[in-house]
Amino acid sequence: MSGPRDARIDIARGLGIALVVLGHNPVFREQFPDAYRAVYLFHVPLFFFLSGWVLRPAAPADFLRRAAPRLLLPFVAVSLAAGALYVATRGWRVVDVLAGLVWATGNTLPWDPLWFLPALFLALLAASGLRLDTLSHRQAALAGAALLLLAWLVFAGGRFRAPPFVNLSGQPVGLPWSADLLPLMLLFVGLGQRARLAGLLDRVSPGLVLLVALPWFGLALGLGARTDLNFRLAAPFPLALAGALAGIGLTLALASWMTRAARVMQAFATLGEHSLIVLIFHAGIQAAVVRRFGDVDGAPLAAAAALVLGTAAGLLLPVLFGRWVVRRSARASLLLGEAGPAPRGGLLDRARGA
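Position one of the sequence shown corresponds to residue 1 (the numbering used here), numbered consecutively onward.
Incorrect hints may have been included.
[To be verified] Restraint-style ranges between C-beta atoms, simulated for each label pair: (1) 146 - 297: 39 to 49 Å; (2) 56 - 302: 21 to 31 Å; (3) 235 - 29: 41 to 51 Å; (4) 304 - 57: 39 to 49 Å; (5) 134 - 291: 28 to 38 Å; (6) 26 - 270: 23 to 33 Å; (7) 212 - 5: 25 to 35 Å; (8) 267 - 198: 50 to 60 Å; (9) 159 - 261: 44 to 54 Å; (10) 57 - 146: 19 to 29 Å; (11) 73 - 261: 28 to 38 Å; (12) 95 - 141: 45 to 55 Å; (13) 148 - 35: 23 to 33 Å; (14) 59 - 198: 20 to 30 Å.
It is worth saying that the hints were derived from the structure and are not from the lab. All C-beta atoms in this analysis are idealised placements derived from N, C-alpha and C, irrespective of residue type, glycine included.
Start from the sequences, fold in the hints, and give me the full structure.
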């Protein structure tokens with residue numbers, strides 16, 4: 001059952017999907033490596049946290065009935081379409097496409113951003129089964145400590161970055177549906193649930209969050225923390241975790257401040273409403289725009305144009321496509337997360353309705 005919408009959460013997910021698109025811009029990655037590393041420290045953990053925030057209690061069977069079509073139908077539909085395109089244009093084998101779809105991690109899929117959907121489904125299903133939101137403070141602390149230890153063991157050993165958990169190119173594939181990431185995913189989902197129950201956004205001022213989180217984020221970044229969950233990287237783990245938590249805090253603080261500016265608030269809330277369709281289509285659109293500029297090394301104006309226009313296109317074109325094309329078809333709306341005229345097409349709405 002859905003609770004009342006919180007504008008701050010809508011803005012936060014809009015900020016999050018903007019960071020996802022920015023992080024996938026090749027010019028941003030190559031020209032601004034430290035800023036790229038800063039974005040990757042927290043942008044994926046942010047979505048697990050926000051999904052936990054909006055997750056409402058449901059029995060696992062009810063969760064499966066409602067969440068499977070909401071999260072997995074877009075994943076399967078788009079993966080099959082992209083796989084068919086790659087079979088036709090790149091010589092991929094059908095069996096490899098289907099095997100990658102079943103394994104469902106970034107480096108097994110033709111459209112790698114889609115790894116997040118089955119991973120989120122798995123994390124929310126586990127959270128629904130474990131009922132983390134019903135635990136006492138002591139039980140929640142013990143559960144959090146256990147998840148933290150398990151996550152640390154997963155990343156510290158680097159087991160899932162080495163054979164046999166790699167593809168033929170040597171890229172990590174982890175366990176099916178990112179099950180190896182489950183302790184860390186559950187930790188952030190659970191933190192989101194507990195933060196909502198504690199009324200964190202109402203009880204802690206954004207200024208205090210900024211005062212506490214900014215030094216921690218700077219420390220993690222300055223000491224070389226790196227995170228890329230798709231590549232099973234979070235190192236050194238304590239610093240990566242600190243950076244993720246601090247980045248989440250900074251995003252929520254910024255979202256709280258942005259509620260004072262109506263137009264800015266609406267812009268990012270709109271991005272959040274369409275976060276699923278942006279996730280699905282941004283990479284191809286952005287890559288096509290950036291390729292038009294060719295090699296931008298040593299050409300700062302061209303690099304700036306490729307960065308700005310690529311990111312803008314990756315954000316705005318999927319939103320327009322969702323609003324003006326997809327929502328006109330009930331079947332396409334179901335498959336691509338644009339649920340009719342009411343703005344309920346974002347990743348968090350898919351978790352909210354589960």
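Okay, the hints, checked on the actual structure:
Between residue 146 and residue 297 the beta carbons are some 47 Å apart, a value that agrees with the proposed interval 39 to 49 Å. A C-beta distance of roughly 48 Å is found between residue 56 and residue 302, which places it outside the suggested range of 21 to 31 Å. Between residue 235 and residue 29 the beta carbon distance is about 18 Å. The supplied range of 41 to 51 Å is therefore violated. Our hint of 39 to 49 Å for residue 304 and residue 57 holds, since their Cβ atoms are close to 48 Å apart.
For residue 134 and residue 291, the hinted distance range of 28 to 38 Å is not satisfied, since their beta carbons lie about 50 Å from each other. Checking the proposed 23 to 33 Å range against residue 26 and residue 270 shows it holds: the Cβ atoms sit about 26 Å from each other. Take residue 212 and residue 5: their Cβ atoms lie about 27 Å apart, and the range 25 to 35 Å holds. Residue 267 and residue 198 have their C-beta atoms about 29 Å apart, which leaves the hinted 50 to 60 Å range violated.
Distance hint check: the CB atoms of residue 159 and residue 261 are about 46 Å apart, consistent with the given range 44 to 54 Å. Checked against the hint of 19 to 29 Å, the C-beta distance between residue 57 and residue 146 comes to roughly 21 Å, which is consistent with it. Checked against the given bound of 28 to 38 Å, the beta carbons of residue 73 and residue 261, roughly 36 Å apart, stay inside it. Between residue 95 and residue 141 the Cβ separation comes to about 47 Å, which falls inside the hinted range of 45 to 55 Å.
Restraint check, residue 148 to residue 35: a C-beta distance of roughly 28 Å satisfies the suggested window 23 to 33 Å. Against the hinted window of 20 to 30 Å, the Cβ-Cβ separation of residue 59 and residue 198 comes to about 24 Å, which satisfies the hint.
Against the hints set out earlier in the document, violations occur for numbers 2, 3, 5 and 8.
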